[in-house]
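Undergrad: If you want the building blocks of each chain, they are given just below.
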Amino acid sequence: DARVTQTPRHKVTEMGQEVTMRCQPILGHNTVFWYRQTMMQGLELLAYFRNRAPLDDSGMPKDRFSAEMPDATLATLKIQPSEPRDSAVYFCASGQGKGSVSAGELFFGEGSRLTVL
Amino acid sequence: KQEVTQIPAALSVPEGENLVLNCSFTDSAIYNLQWFRQDPGKGLTSLLLIQSSQREQTSGRLNASLDKSSGRSTLYIAASQPGDSATYLCAGIPIQGAQKLVFGQGTRLTINP
Chain A
-19 DARVTQTPRH KVTEMGQEVT MRCQPILGHN TVFWYRQTMM QGLELLAYFR NRAPLDDSGM
41 PKDRFSAEMP DATLATLKIQ PSEPRDSAVY FCASGQGKGS VSAGELFFGE GSRLTVL
Chain B
652 KQEVTQIPAA LSVPEGENLV LNCSFTDSAI YNLQWFRQDP GKGLTSLLLI QSSQREQTSG
712 RLNASLDKSS GRSTLYIAAS QPGDSATYLC AGIPIQGAQK LVFGQGTRLT INP
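Order-wise, the sequence lines are chains A and B.
Take -19 as the starting number for the first sequence in my numbering and just add one per residue.
Take 652 as the starting number for the second sequence in my numbering and just add one per residue.
Excised from the complex, chain A in its bound form:
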């Protein structure tokens, strides 16, 4: 049963601490997205990768957020230093994109719920 796997599922940390969230995309998918979901803003796109190359990270606060794909089976989203306003659910999604536009059907992980005190 192919699925996107995210860790940790829940994280509580104190302001100023570093937080790293990990995502294992579905094997064979070439496009990976990071989204953040809050009650106020809904789903916001933070960054996405195609064939491990970052295509757009304009949705991320660059001074504290960073996203990488060390290899095809792992995507990471790091926050350093974390702030209370970063509290949200962070979702990873993957798809098999074709051409320059389509990412294909997207499949989401269960999310990482982050609470920054």
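To be clear, the hints were calculated from the coordinates, so they are not data collected in a lab.
Even glycine gets a Cβ: it sits at the ideal position worked out from N, Cα and C.
Treat the hints loosely; a few may be bogus.
What the hints assert, rightly or not - Ranges between beta-carbon positions, derived for each pair:
1. A:-12 <-> B:696: 40 to 46 Å
2. B:693 <-> A:65: 20 to 26 Å
3. A:48 <-> B:668: 28 to 34 Å
4. B:678 <-> A:-5: 35 to 41 Å
5. A:63 <-> B:660: 28 to 34 Å
6. B:705 <-> A:-18: 20 to 26 Å
7. A:-7 <-> B:692: 15 to 21 Å
On the provided structure of chain A, position chain B as indicated by the hints.
TA: This is chain B only, laid out in the frame that chain A set:
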């Protein structure tokens, strides 16, 4: 900037009714569109994907259509069941926004037994 509006924001109906959820895009140049379901505390589950060459998709009791000329999509749920209770989100990839899936705020659906 592409914006997505979903109407209604919330809907409560008795079991067995047929219902329609609506989604519209400010920029009607949509490449493809996907409907998702989200249960409380869970991730998003893909329901239907309408690709660029298609106008509608069907899966079981669900039917989604896309009118590209108007930038509107509808999700039709037939013979609703309590298990259909969830938040339904539509998301589209605008032609000018390569691969950037843009989401609506969702419709919170409650099916009453």
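Undergrad: Against this structure, judge whether each hint is valid.
TA: Do the hints match the structure? See the list:
For the pair residue -12 of chain A and residue 696 of chain B, the beta carbons lie near 21 Å from each other, so the given range of 40 to 46 Å is not met. Distance hint for residue 693 of chain B and residue 65 of chain A: a CB-CB separation of about 24 Å, consistent with the stated range 20 to 26 Å. Checking the proposed 28 to 34 Å range against residue 48 of chain A and residue 668 of chain B shows it is violated: the Cβ atoms sit about 47 Å from each other. A C-beta distance of roughly 38 Å is found between residue 678 of chain B and residue -5 of chain A, which places it inside the suggested range of 35 to 41 Å.
The hinted window of 28 to 34 Å between residue 63 of chain A and residue 660 of chain B holds, with their beta carbons roughly 29 Å apart. With their beta carbons about 23 Å apart, residue 705 of chain B and residue -18 of chain A fall inside the hinted range of 20 to 26 Å. Range check, residue -7 of chain A to residue 692 of chain B: about 20 Å between beta-carbon atoms, so the 15 to 21 Å window is met.
The structure fails hints 1 and 3 (numbered hints given earlier, in ascending order).
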